[in-house]
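Visitor: For reference, the chains in residue letters:
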Amino acid sequence: AAREERYQIDVHPEPSHQDPQDIRLDVQQAVAQLPERAREILELKEIGYKYQEIAHMLGLTESAIKMQVKRAYERLQEILSSTR
Amino acid sequence: MLAEDVLNLDELDADSRSRVMAAVRQDPALAVWMRAMVALRADLDFDQCSPAEIAQYVVAQRDGAVELPLDIRQRVDGMRDRHPGFGAHINQLEADAALFDAVWDEASWEEPQPPRRRRQRRDDNLASRDREALHRARRRGMLIWRGVAVLSVVVFGLITSLLGTREQQMLAVTNDSGAVQTIVLADGSRVQLAPGSTLHHFGSEEGLLAHRKTSLSGEAFFDVTPGPIPFVVYTNEGIATVLGTSFSISTHAGRTDVRLLEGKLTLAPSVGEAITLYPRDGAQMFAEAPMQVARGEIADGALVWHGQIIFRSTPLKDVAQTLQQAYGVTIDLSERLATERVTGTFEQEAGVEMIIETLAATLGVEAVWLDAAQVALR
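One line per chain: the protein sequences are A and B, in this order.
Start counting the first sequence at 113; every next residue gets the next number (our numbering).
Start counting the second sequence at 70; every next residue gets the next number (our numbering).
Hints may be right or wrong, so weigh each one.
What the hints assert, rightly or not - So the derived label-pair ranges between C-beta atoms look like this:
id, chain 1, residue 1, chain 2, residue 2, range
1, A, E186, B, A363, 52 to 58 Å
2, B, D82, A, R183, 23 to 29 Å
3, A, T173, B, P299, 52 to 58 Å
I should point out that these hints are in silico values taken from the structure, not numbers from a laboratory.
These figures come from a predicted structure and were not determined experimentally.
All residues carry an ideal CB built from backbone N, CA and C; glycine is no exception.
Work out the full structure: start from the sequences and follow the hints.
Guide: And the structure:
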């Protein structure tokens, strides 16, 4: 089914926001530091494209895409452990 | 590679999913990766571009003569700037639209025929490279919207009518795809159509003739955009009228079932007086017997529909109750969280861990797993 149906969530208006958890902020900032190509692939995956489709869209092989994902994972760990 | 499994969690079977989630609970590095994925997904969700707006944007990009409201253009452009993946997605939609146009131009106008046959004839006219690309686009399930199978000429008419160039539009969709399909109507209302069901929609805003009419054969879940023009659904056993709300309708031989999640719904059955349904009410209308109403039938404000669990403005404590009964997981909530209202649609197969992680990310809290069957939201 379409991605929107899987995880579409709205929280109804709550005027007061609580402060973001420290951990969550770290993660969001770390993700923002990933190389653009890695973010592109991760986002396309989240939007709902399959590896094969992403490979075709970006003109890469499926294994190249998976390698990018692996590197993004490693880079994320690097970023997060260096900020501690 | 486990990091990749976390990315593919939706596609794994239940056993593999349990295995991966057990690994996530034991490995802090993997847990962080999972939170990163959930955060990415949340970011993409909350920038708020609806499928209808994205469709308008794509059509306007291709046809300079078409007007696009500045607000929509700015929001979609903003998302393209902030999200490289979203930008690639838009490029893909534009390529799909170009392909759709090529198919259209190649074919000659013929008398209306069942969609499948018409599509076959058009495909024959394409070069094999284009045919392959069109096949890929269709396998993705959409040419313009995510998850909508483009099934007939009239659907394309819907795209142009989104832009107000047509006075009236009639939409006829039959879902023969084997999975639930989502249709976005011109007013932004969304209909999830179950496999094997048929919907006809006729909408117009022309002054006194203003109406939004739908007839349904089969099953659908409606999220109707609030507005002054009544949204009316016709079935064999009766008529449902709403101004803006979320409900499901299911037609059978001699009987139509209605269940209301949010808002107010007026039911005019073929036998007997009209009544009003309130949230969580259900009703059955019969061809030759009086209607039966079940007040408060939808327990805990959760509608389970075609493999999905649907909440609309449901207090979190009721959401927790539903998830507990469905998955056997106890969810600890603070008093303040318990009254937060949630609107969302979950696939039952997604697995409770993913649902809870996503809820936590949405609410800006953390999900702390005390063991495999207990989690606290803080």
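Visitor: Now, for every hint given, state plainly whether the structure supports it.
Guide: Right, here's what the structure says about each hint:
1. A:E186 with B:A363: 52 to 58 Å: holds (55 Å)
2. B:D82 with A:R183: 23 to 29 Å: holds (28 Å)
3. A:T173 with B:P299: 52 to 58 Å: Holds: the Cβ-Cβ distance is about 54 Å, inside 52 to 58 Å.
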